[in-house]
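S.K.: Chain by chain, the residues:
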Amino acid sequence: MQATNAAHPRELKGRQMQFRRKTSGVVFVALLALLGLVGTAGASAAPKKATHAKKKAHKKTTKKKATAKKTTAKAKPVSRVINSPTGSTTQSGRPRPANVDPDGTLSVGYAAGASTLDPAARASTGYAAFMYPLYDRLTTIDDNLNVQPMLATGWRFPDRSTMEMTLRTDVTFEDGTKFDAAAVKANIERSKTLPGSGLASQLSGISSVEVVRPDLVRFHLSAGGTELPSIFSSLAGMMISPTVIASKVSLDNGTHGGGSGPYTVASFVPADKVTYKQSKTVLDGKYWDKGAGLLKQMSWQFVATSLQRINAVRSGDLDMAQVTGTDATTAEKYIKDGTVQGFALAVPLTGVALQFRQTRPPFDNVQFRTAMQYAIDKNLFAQGAYQGGCDPDNIFWTPAHWSFSKTADSMYRFDHDKAQQMIKSSGIFNPSFTLGYATIYAPQAQAIQGILGDYGINVKLEQYPSGDTRFREGQMDAIYSAISSVGVDPSGYVKNYYIGSSGLGLYNDADGSVTKALAQASDPTTSQATAKGLYDTIYTKLAAQAVQVDLCHTHQAWIHEGKVANIRDLGFTFNGIPDSRYLYVKK
Amino acid sequence: MLKLIAKRLLWMLPIMLVVSFSTYALVDLSPTNVAAVLAGDQATPANIARVRAELHLDDPLPVRYGRWLAHAVHGDLGKSYFTNQPVKDAITQKLPINLSIAAVALAMTVLGALFLGVLGALWPGGAVDRTVTGLSSLFIAIPGFWLAMLLVLQLAVYRRLLPALGYVGISSSPWQWLRHLLIPGFAISATASTALAVQLKGSLIDALGRDYVLTARAKGLATRTIVFKHALRNAAIPVITLLGLRAGALLVGSVVVEQIFSISGLGSMLINSANVADINPLMGIVLVVTLVVTLTNAAVDIAYGYLNPKLRV
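Residue numbers (my numbering), protein chains in the order written: chain A, 1 to 587; chain B, 588 to 900.
Note that these hints are calculated values from the structure, not bench results.
The reader is advised that the hints may include incorrect statements.
Computed list of chain A residues with no C-beta within reach of chain B, every gap over 12 Å [unchecked claim]: (1) S124; (2) S201; (3) T359; (4) N394; (5) E473; (6) T526; (7) Q545; (8) K587.
Derived lysine-lysine pairs resembling BS3-like cross-links, with alpha carbons at most 30 Å apart [said to hold, decoys possible]: (9) A:K378 / A:K541; (10) A:K277 / B:K666; (11) A:K192 / B:K666; (12) A:K248 / B:K806; (13) A:K563 / A:K336; (14) A:K378 / A:K460.
Cβ coordinates follow ideal geometry from the N, Cα and C atoms, glycine included.
Could you build the full structure based on these sequences and the hints that come with them?
M.R.: In structure tokens, the structure reads:
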């Protein structure tokens, strides 16, 4: 990615071709791996794809990776390359830029505040933005939605019940403890067993963790596995010093010194503000990723509304801010006219949708549910309810993702007459239902009420607080809600919304075919091509039950007043929960 | 006088009990499932049930309230389910912020009301009097949050004279502390200040027409002495009543202002706790606000007694 400040609202769409080319490369490497021509897991392919310049810059890293290659070469050839590293410029372990202001400070306004800085305790995925500067993760994800190494140097699945991960050997935690396989084991076990852990469900497929060597850890799996590299890029993959874990101190305020990240906590006010300072390893020049931790001080502050954040950047009270919702359009306008600098994009892993509970009337009628798929003009909705700051879609995964299904995507298109006809033929007289919505979606819920009102449907709106589980428990007809995916592996998304006990369970999988197909797609021994076919079937079946109307992918903007360098390298913008470790201020 | 103070303070106990139980019961009626929020985005029903059991959320309401009350009377307000921070610490950290906002707003209210009220009373029917009446009508009509946003745009975004958001502690920098509180303070005090000015003006005009003022004038006392030493004291009783009512509103008003200026005080904590049914911080804040409001009301009653001995019954 280039460090430019030009506005680029549709940048992800523009990257689709690039992504396809890269995907083809990944498939080719996977085929070579299957033939035994490439002896090791995905990570080992990365250096081969790196440019000469990058090779020079990362000479040391590459040497270590080569060592890792040797150590894993005796194991069986990889069965499936899952989102293997592609040598993207967003991967970790970069050189330090030449023009860094060593006294640079940055204040950032963000749409959420963290209640805790402990990745496992009561942590919501949204808190990750506050923890990325503190903790390195096993993996990361680049802007092309590929999983990349971070503390891990590679991974592979020798068989369907085992995942092996090779690890960096040059990482030290803030308290002086070395990072190794024993640290990984201690962290995974803590996240699985900590009372009230928010990660226990995500890690439930890991039955045990085995330390093979200091630089090689083996995960024994009881189910799935393909999602692990992806979920290790966020809270579940954040590593804390095993010494700190053993001391049983509270990790809530982040001042325990147990992270290995480029920053440590200077001060923390729960649900409000975190101020970071450079970690000891960065100050000593020993941090393994020279391109990170370049700010003398950085603060992330919760500012409730996007409009406040825009105003604060314009008034100079904040250096940089995230802008979401309908205000993203305002921010895009300001970027275009030069009032502020920054960029905007349609967030590929965050959409909005209507979800129906098919056990409750009128959604127990498939004809009526299908009518809803045709009833909404999504272009008009995106224009009216989001001022154009939302890209209309038909399914959650965009064409940028490998599991995108053309079949499911083309099943429904807006057709007013067809919708009206289907409502009539559903046999429901004077249809009526309750639509729940969170406070921030009041205008959009009202827009839906108006649109469906034109078909003679009486939509009663009900605002619900966060943590309201009535829809989840089957006690509400429908909701207008944000939908997202924890990682880039689609199995988590399907489980979260459609099937299984840990999610909304919207889909009625009476014949068990979707559950079976999902288990097969999540099996590491299944090739990605086969998995893509399976997801095509899964998405088509989910769409056929018409329990969710995908509406659009919301826009998000990152704005600043010109002080911030590298803003386009703000990682994780694909889900709106960014990793700010590479930001810096120019001299 | 002591009897009056004791009576007023004793009345606070049943009020606090009623308010605390009502709040506890209302939170219990909320559809928010705190265990589901705590268990994480992808929790299974078994995980949620485990969290419920850990927090004793399956116990009957009276049992849970009784447990909270027993701890509260010993000074233990519990911990937040989400931040794990002791409620007492969180309140200690945030209360000075709200008291700062309220103090600046109160000072602006009193000074503004005195200035406008006295000027209006000295020249009744004149330009100042009409201006005060007009401003009062205007500020009563304008919602405080709208005025605040307007001031932010004009003074912070366009002219960069004052900060658009945030708070700086008085110990860090008294000047920055004041700068950060000027717009919030004005936004809260505008309505109260002009309403009080109208009230004060009426009372003062009435007081200035009394015989003792005529006597004072005949004795040759300066207008400043007549107004501030004699008339204002007698005109103050209805104004203090209104100020007492407004003092509570100033604290509650700061809750709204906190949101507009992104200040992390008790208001944000209250809203965050209410959103996720985090009962301990919520109860802690309700307790503090009830205490402040009841103490203010008691102080107003005691002030009546001080100003008018006939009211000491």
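S.K.: Determine for every hint whether it applies to the structure shown.
M.R.: To see whether the hints hold, each was checked on the structure:
1. Residue placement check: A:S124 does not keep its beta carbon more than 12 Å from all beta carbons of chain B (closest about 7 Å).
2. A cut-off of 12 Å between C-beta atoms contradicts the statement that A:S201 is not in contact with chain B; the least separation is 4 Å.
3. Every C-beta of chain B lies more than 12 Å from that of A:T359, the closest at about 16 Å, which supports listing it as non-interface.
4. With 12 Å as the threshold on Cβ separation, the claim that A:N394 sits away from chain B holds: the shortest Cβ distance comes to roughly 24 Å.
5. The beta carbon of A:E473 is not kept farther than 12 Å from every beta carbon of chain B, the shortest such distance being approximately 8 Å.
6. Taking the minimum C-beta to C-beta distance to chain B, about 22 Å, the non-interface status of A:T526 holds against the 12 Å cut.
7. Even its closest Cβ contact with chain B, about 21 Å, leaves A:Q545 beyond 12 Å, as expected for a residue assigned away from the interface.
8. The Cβ of A:K587 lies farther than 12 Å from every Cβ of chain B, with a closest approach of about 25 Å, so its non-interface assignment holds.
9. Using a Cα cut-off of 30 Å, the hinted pair A:K378 and A:K541 holds, with the two alpha carbons roughly 22 Å apart.
10. Under the criterion of a C-alpha separation no larger than 30 Å, the hint pairing A:K277 with B:K666 is consistent with the structure, at around 28 Å.
11. Between A:K192 and B:K666 the alpha-carbon distance is near 23 Å, which keeps this suggested pair within the 30 Å criterion.
12. In summary, the hint linking A:K248 to B:K806 is not supported, as the alpha carbons are separated by about 79 Å, beyond the 30 Å threshold.
13. Between A:K563 and A:K336 the CA atoms are separated by roughly 17 Å; this keeps the pair inside 30 Å, and the hint holds.
14. For the given pair, A:K378 sits about 21 Å from A:K460 by alpha-carbon distance, which is consistent with the 30 Å threshold.
Hints 1, 2, 5, 12 from the earlier list are contradicted by this structure; the remaining hints agree with it.
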